[in-house]
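Model the placement of chain G on the given structure of chain H, informed by the hints.
Number of protein chains: 2
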Amino acid sequence: MPIVKSIRTLRSLLQKARLKKKTIGFVPTMGALHGGHLSLIRICQKENDLTVLSIFVNPTQFGPQEDFKNYPREIKRDILLAKKENADIIFYPSAEEMYPSGYLSCVEVKEPGNILCGQFRPGHFQGVATVVAKLLNIVEPDVLYLGQKDAQQAIILKKMVKDLNFSVNVKICPTVRGQDGLALSSRNSYLTQEERQEAPILYQALLQAKKRIEQGEDNSQNIIGFIREHIEKNSSGKIQYIECVEGGSLRSLKKLKGKILIALAVFFGKTRLIDNILVNVK
Amino acid sequence: MPIVKSIRTLRSLLQKARLKKKTIGFVPTMGALHGGHLSLIRICQKENDLTVLSIFVNPTQFGPQEDFKNYPREIKRDILLAKKENADIIFYPSAEEMYPSGYLSCVEVKEPGNILCGQFRPGHFQGVATVVAKLLNIVEPDVLYLGQKDAQQAIILKKMVKDLNFSVNVKICPTVRGQDGLALSSRNSYLTQEERQEAPILYQALLQAKKRIEQGEDNSQNIIGFIREHIEKNSSGKIQYIECVEGGSLRSLKKLKGKILIALAVFFGKTRLIDNILVNVK
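Those protein sequences? They're chains H and G, same order as listed.
So this note's numbering is basically just the index in the first sequence, starting at one, shifted up by 3.
So this note's numbering is basically just the index in the second sequence, starting at one, shifted up by 3.
Any given hint could be a false lead.
If chains are identical, the list can't say which one is meant, so a pair holds when it fits in one copy or spans any two.
Stated by the list, open to error - Below, simulated BS3-like cross-link-like pairs (lysine-lysine); rule was C-alpha separation at most 27 angstroms, straight line:
(1) LYS236 <-> LYS213
(2) LYS8 <-> LYS87
(3) LYS258 <-> LYS87
(4) LYS236 <-> LYS25
Quick caveat, the hints were computed from the structure, so don't treat them as lab data.
Computed from a predicted structure; not experimentally measured.
Bound-form chain H, shown alone (with noise of 0.2 angstroms):
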């Protein structure tokens, strides 16, 4: 399985494959890899002929008082993953490789981008939504796989990919959790011992609104005040946010209608989590 640093190199291995007619699947991540990982390449692995896998911790989408510095980096222990779940190239370029110094351009989505963790996070989104950008144009794949745990990125990317006509299909894949329901997250290992016991709460809190929801309550501000109540009582989570939005354009939503997303943004310490479910009202 090689692993390319370059993107000229990445380019002239790709472009062999496509001569081939290969489909090539591209699976986007910053590395540290979990579980919800390995399901997005086992995915892509099975729907096409070659399944490249992006590893780059990729600076712009940190603010300053972020955790880019600190953020999880085990490039040994990911090869050794994607090798066992059949990646067939890794790409991990260097910050230089992809930002080279006179680097000025930018894309951006513009309202879903400012809104649910783009309010707390000013910058990510445009980082996000650049950095895959250019993986894409570098990559070409005929398939982007995306998880729904990190759901404002993915539909924001989905968006960038359908108003900028990229031609590649994006897949959107179930968030993988743990056996306590806690959405598996390279951040989780920030959690002290105790701050991970109280972490499932968040997504107890979810199921809970959701069959609230089922069962006919249709006030967004209800729903986000129950599962307020139920994080703070039951935990010393610290809330940031609690949102009831439109599960495609991600606008806040009053009365609870059609194809939901219930999304948070919680504290434990100083580790930050989200999570989030969808929920179809008929």
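Just chain G now, with coordinates in the frame of chain H:
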């Protein structure tokens, strides 16, 4: 010569050509074709198996007070001219095809988009970068042909292609001028007979400035002053800006050295004309 309005149809046409290993050259225009555009088509024709010409008056690159509504639209004449130059495909989409309801994304090249013309046309180069990013994703050409007449646009698009890793070569082709030196432009049609007679002063002033630099003048303020005086003394032109910048980055220069771009924008009546000249000082 097919005239294609739908992105999907264009893609399937081009995919067939690509499977036959044909190289694709691309000339994006806003129509109202003149000798400058035709020279791009001719160069593209020579260097590629297939020449795609796009004609799209892009609304997002016009300011609210600008000439979007009145911009010359001469599609029948354009088709005849393109046929004569043996363009292979004309892509002529509607605004709805390019920006369907709910469109939200944009591409920006930060620094060079905010100087020269960018100071006076906020959002203009974001509009240009966005539509060309879309067109590159739709056409996926081997080579993109741009005119030196719109020097800032060409430099910004070249930078976008490099920064965002579009796999296309960018060729910037020489400005085509009338016998009296006026750079060909679709906006020349706005000029009154009198203004048209005055307008060649721009290139005369640029040529004389170039001569002065080659003779040893290396102070940009002196050159700018000289051009200003030459235009103001000999015409009714109202200067918007005259600048001497570094030819690659478009950064302002005090001392003239290296690859210099002298660029200007001047109003004749209500018509804004731009022109520029490259000077190499060793």
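So, going through the hints one by one against the coordinates:
When the C-alpha separation of LYS236 and LYS213 is checked against a cutoff of 27 angstroms, the pair qualifies only within one copy, where the shortest distance is 19 angstroms, while the shortest distance between copies is 76 angstroms. Only within a single protomer do LYS8 and LYS87 lie at most 27 angstroms apart by alpha-carbon distance; the minimum there is 20 angstroms, versus 47 angstroms between protomers. Proximity of LYS258 and LYS87 under a CA criterion of 27 angstroms is satisfied in neither setting, with 46 angstroms inside one chain copy and 60 angstroms between copies. For the identical chains of this complex, LYS236 and LYS25 are neighbours neither inside a copy (53 angstroms) nor across copies (66 angstroms), given an alpha-carbon limit of 27 angstroms.
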